[in-house]
Amino acid sequence: MLEEPVELYLYSRDASLMHGQATCVVFPQTTEDVAEVVRVAEKHGVPIVARGAGTGLAAGAIPVDGGIVLSTTAMNHIEIDVENRTAWVGAGVINLDLSNEAEPFGLSFAPDPSSQSACTIGGNVANNSGGAHCLAEGATTSHVLGLEVVLAGGETLVLGGQAPDMPGLDLKGLLVGSEGTLGVVTRALVRLLPIEADVRTLLLDFEELEGATRTVSDVIASGLVPAALEIMDQKMTTAVENWLRAGLPCDCAAILLAEVVGEPEAVEAEAALISRIGLANGARDVQVARDEAERAILWKGRKSAFGAVAQVSPNYYLHDTVVPRSRLVETMGEIQAIADRYELDVYNVFHAGDGNLHPLMAFDASDPVMMDKVHRAGEEMVVACLSRGGALSGEHGIGLEKRDMMRADFTELDLDAQARLKEAFDPAGVFNPAKVLPEGSRCFDFGGVKREIPDGAWV
Amino acid sequence: MLRLRRGEAGDTGRGLGMTGAAGGGPERIAPSSVEELATILKAATEEQRVVNVVGGGTRQGYGSPPHAALVVEMNSLAGIEEWDPDDLTVTVGAGTPVAELESALAARAQTAVLPEVPGASTVGGVISAGVSSLRRARLLGTRERMLEVRLVTGDGRVVRGGGRVVKNVSGYDLPRLVVGAFGSLGVITSVCLKLWPKPPASATVAIDDIEAAKRVKRPLAVLERNGVVEVFLWGTPEEVVASSGRLGGEVAEGHRWPADPEGSFRWSVRVPPALTTPAIDRLPGGWDYLAVHGAGDIRAASGNADGAEELRMWVEASGGALVAMEAPVGGLNGLDPWGSPPPGLEIQRRLIAQFDPGRVLNPGRLPGGL
Numbered sequence: 011m012l013e014e015p016v017e018l019y020l021y022s023r024d025a026s027l028m029h030g031q032a033t034c035v036v037f038p039q040t041t042e043d044v045a046e047v048v049r050v051a052e053k054h055g056v057p058i059v060a061r062g063a064g065t066g067l068a069a070g071a072i073p074v075d076g077g078i079v080l081s082t083t084a085m086n087h088i089e090i091d092v093e094n095r096t097a098w099v100g101a102g103v104i105n106l107d108l109s110n111e112a113e114p115f116g117l118s119f120a121p122d123p124s125s126q127s128a129c130t131i132g133g134n135v136a137n138n139s140g141g142a143h144c145l146a147e148g149a150t151t152s153h154v155l156g157l158e159v160v161l162a163g164g165e166t167l168v169l170g171g172q173a174p175d176m177p178g179l180d181l182k183g184l185l186v187g188s189e190g191t192l193g194v195v196t197r198a199l200v201r202l203l204p205i206e207a208d209v210r211t212l213l214l215d216f217e218e219l220e221g222a223t224r225t226v227s228d229v230i231a232s233g234l235v236p237a238a239l240e241i242m243d244q245k246m247t248t249a250v251e252n253w254l255r256a257g258l259p260c261d262c263a264a265i266l267l268a269e270v271v272g273e274p275e276a277v278e279a280e281a282a283l284i285s286r287i288g289l290a291n292g293a294r295d296v297q298v299a300r301d302e303a304e305r306a307i308l309w310k311g312r313k314s315a316f317g318a319v320a321q322v323s324p325n326y327y328l329h330d331t332v333v334p335r336s337r338l339v340e341t342m343g344e345i346q347a348i349a350d351r352y353e354l355d356v357y358n359v360f361h362a363g364d365g366n367l368h369p370l371m372a373f374d375a376s377d378p379v380m381m382d383k384v385h386r387a388g389e390e391m392v393v394a395c396l397s398r399g400g401a402l403s404g405e406h407g408i409g410l411e412k413r414d415m416m417r418a419d420f421t422e423l424d425l426d427a428q429a430r431l432k433e434a435f436d437p438a439g440v441f442n443p444a445k446v447l448p449e450g451s452r453c454f455d456f457g458g459v460k461r462e463i464p465d466g467a468w469v
Numbered sequence: 011m012l013r014l015r016r017g018e019a020g021d022t023g024r025g026l027g028m029t030g031a032a033g034g035g036p037e038r039i040a041p042s043s044v045e046e047l048a049t050i051l052k053a054a055t056e057e058q059r060v061v062n063v064v065g066g067g068t069r070q071g072y073g074s075p076p077h078a079a080l081v082v083e084m085n086s087l088a089g090i091e092e093w094d095p096d097d098l099t100v101t102v103g104a105g106t107p108v109a110e111l112e113s114a115l116a117a118r119a120q121t122a123v124l125p126e127v128p129g130a131s132t133v134g135g136v137i138s139a140g141v142s143s144l145r146r147a148r149l150l151g152t153r154e155r156m157l158e159v160r161l162v163t164g165d166g167r168v169v170r171g172g173g174r175v176v177k178n179v180s181g182y183d184l185p186r187l188v189v190g191a192f193g194s195l196g197v198i199t200s201v202c203l204k205l206w207p208k209p210p211a212s213a214t215v216a217i218d219d220i221e222a223a224k225r226v227k228r229p230l231a232v233l234e235r236n237g238v239v240e241v242f243l244w245g246t247p248e249e250v251v252a253s254s255g256r257l258g259g260e261v262a263e264g265h266r267w268p269a270d271p272e273g274s275f276r277w278s279v280r281v282p283p284a285l286t287t288p289a290i291d292r293l294p295g296g297w298d299y300l301a302v303h304g305a306g307d308i309r310a311a312s313g314n315a316d317g318a319e320e321l322r323m324w325v326e327a328s329g330g331a332l333v334a335m336e337a338p339v340g341g342l343n344g345l346d347p348w349g350s351p352p353p354g355l356e357i358q359r360r361l362i363a364q365f366d367p368g369r370v371l372n373p374g375r376l377p378g379g380l
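Chains D and G are the protein sequences, given in the same order.
Under my numbering, the first sequence has 433 at position 423, and the numbering climbs by one with no breaks.
Under my numbering, the second sequence has 88 at position 78, and the numbering climbs by one with no breaks.
Errors might be hidden in some of the hints.
[Stated by the list, open to error] Using C-beta positions, here's what the derived DEER-type ranges look like:
#1 G/P210 <-> D/G257: 30 to 36 Å
#2 G/L345 <-> D/K53: 39 to 45 Å
#3 G/V127 <-> D/P437: 41 to 47 Å
[Stated by the list, open to error] Quick partial rundown of chain D residues pointing at chain G, CB under 10 Å, derived from the structure:
#4 E89
#5 E93
#6 R95
#7 A173
#8 D180
#9 S232
#10 E275
#11 D330
#12 G407
No lab work stands behind these hints, which were simulated from the structure alone.
Since the model is a prediction, treat every value here as computed from it, not as a measurement.
Note that CB positions come from ideal geometry on N, CA and C, so glycine has one too.
Let the hints inform the model, and build the full structure from the sequences given.
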C-alpha cells in the first residue's frame, strides 16, 4: 500500500491530460485480497478505481475526488490451455507478455493496442481495447470467453467459460468495456488464435487521401478482409520519418499500410490483389516488406506515431472517434477545417478499415489559451463524426473525458437505461464513480451523492 | 393501428401447452410500429399480463416458455432500414426473416453470418435465442455481429444501445447483452449488424478423418454430421485450390450447408472445443448430430430423452452445458431444460428488474427460473 504524496500523485493520473487525487494505492495479490478491498471500501463509503498500466487516454483510471486506487499489477499469472486455445490471465498481465508466452505454442492474443508493451489485460477488458488488427479479428470483447470478477459486497463470480453460449444473461460480455464501473475483473479467460503460416505487409503511397480510402473500400468490396488497413496522412508520416528514418515517402498525401495473413498461397494472391486495387486508385508506389525486419519497422512507425509527435510539440491531445467508412473522406476534410479554424496542427493516423479516426492535435499545454482551443476543437471534431452517423469512441473509452458528450449521442431514456444497469451492479456507487455516464443520467434521480469534477481536472 | 386476433390454445407453445386468457388462447397482437409496441408493453406491465414474443416461431419450445396472456408477433417490424455495403453494416427490423436478409446481402456479396439454414427464423428471434452460424469457429457467433440494438423495455421505454459503426465503446454493451436474453430485457425492434464480405471462391471438401482438417489452419468451418466430416473453405481462388489440395478429400464447388437435426427432442451440447469429439462419442445411441468443430457446438436430435441426464453430468463436469431446446410435454421427466443454474443469478435478476420491472416478458424462461 502506498500513501506517500509523490506516489499518490503518480497514481492520480493516466495517459490522459486529466488528473485526480488518490487517497491510497493498494496492490492486491489475490482475488480474495480484491474482495477484501471492496468490502472495506464499501464499509467506509470510499470509491475504488481499478488500474492496470494507466495507459488509458480517456481518463478512465483516475480517482476523481479521492479513493482507493487498486493496482492489478501483482495479479500477473498466465495459464495456457493449448488444446482449447485459451488462457486464464491475471488482470495485471501485460498484453504483449501474453502473446510472447503463447508464441512457443504457435498461438497469440489478437487485440494489439499501440500501447501493447505496457497496457494490461485488465485494462484491455475494461476498455474493450482494439488495435490495428481488430478489422479482421474484432476488439477485446471478441476474445474474452470468461471472467473472474469481484462485484459489490465482495461477491466473486466466475462467468462464461471455454464452452460456447453458457446459459443465462451474458454478464461477462457486459463487464467487458464497462471501464471498471461495475466491478473489478481479476482474471480473464481469453481466446488465443493460431499464428498464421505467412504474412505480407504492404506500404502504398497516394497523392490524394481519397485514393487511399477508396483502395480500402475496394479491397473489402473484393471480398477480402485484410488483417490491417491503416492510413497515415502526410504530416504524421513526416513526423514519423524524421524520427524513424525508415524511408517512408513524405511527399505524398497519405500512406496506406496493409497486412494480409494466412496460408502462403493466400497471402501471395491477396497481396497482389491489394497492389492492383491500389494502383488502380492512383497509388504511386507499392512496397512489400521483404522480411520480418522490414515488416517490424513499418509497424514500429505506425505504433510509435503518437510518440513521434513529441519532436514537434511538448503535448498532444489524441481523439478517438468512428464514422461509417463511406464517410471517411468528407469527415477528414471537416476535421482539417476545424483545426484550421482554431489555428491548430492536426496529425492523422487511423484504422481505415474500421472508420476509426485518431486526429491528434499537437500543442503546448503551458499556454492556457491553447489548452482551451484544443478542447473546443476536439469537441467539434467528435460532434462532426456523430453528425455523420459515427460514434463517440471506437476503442479508447468514455471515461471522464467524454462522459458529458454522451448526451450528444444518446437520449435521456438511453442513458437512463445505462444508469439502471450500473445501479443493478453497484447500488452504492463504489466502482469508478463519475466515469462513462454524465451526472443525472438516471431520470428522476434526485437523490444520491453529487460528484463534481474537481477544479483543474482538465489540465 | 392495432391488429388483434385470437389465437388457438397452445399454438405458440409448440407442444409445451400454453393456456391462454379467457376465451381459449392468448391474445395475439402484431404491432406495426415501435410506438405501438411501447403502448402494448406499458399496458401489459400495468395489467400484469405475461407476454411472449414470436418472430418466425421456430424456437418457441426453447427454455421454459411462459403461460402467456399476450403474444406479440414481430413480423410487421421488418425490412432493411439502412445498408451501405461500403460500411459493412446493415440496420434491419427485428421481424425480418434471416433468409430474406441474407439473400439481399448476397446480391452484393456480403453476409451477416447468421444461421445458414434459418427456416422461418427472424433476425430478432435468432438474436434473442442466441443461435449462431455454423461458421462460428472462424467468424464467431451471433453476439459478435451486434453493433446497435433498439428495444422496448417491459414497461414500454424505447431504448437504444451501441451505434451504427463497426467499432464502438460508447457506454455499456447493451447490443451484446440482448443475445440469448429471450427478450427479458426488452423486445428487440431493430438491430445494426456487422457484415462480412464474401470472397470470390468457395469449396466444400469431404474428408475421412477429422485429424486431416488440421492441415488447414483456419478453415471457414469443419462440420461433422453423423460421422461425415466436411471442411468448408472460402477465399481467393488460389487459396481455396491450395487448401483443398492440402486436405486431400473429395472437393465440391460452393457450400451446401446442412440443417440442424430434426426430432421431437432437440438438444444443444456445448463443450470446450477440444472436447467436441469426446462429447460426440458420449451422445446416447440413436441421437442425430451436427457438430461445429473448433467451437464446441453440437446440435442434436432424438426421439426420447434416454441417456440425457448421464450426458449432462459429464458435459457439466467438463465445463459445458446440455440444453433441451425442444421437447414434447412432460418428455423431459423433470429434467430442467437448461441444467444447473448459472452463476450470478441474483445480479441477473436485478438487471432484468431494471428493464422489465413488472416481469412480464417471458418470465421463467431463462435458466434458474429467471
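Okay, the hints, checked on the actual structure:
no.	hint	in the structure
1	G/P210 <-> D/G257: 30 to 36 Å	holds (34 Å)
2	G/L345 <-> D/K53: 39 to 45 Å	holds (43 Å)
3	G/V127 <-> D/P437: 41 to 47 Å	holds (45 Å)
4	E89	violated (14 Å)
5	E93	holds (4 Å)
6	R95	holds (7 Å)
7	A173	holds (4 Å)
8	D180	holds (6 Å)
9	S232	holds (8 Å)
10	E275	holds (4 Å)
11	D330	holds (9 Å)
12	G407	holds (5 Å)
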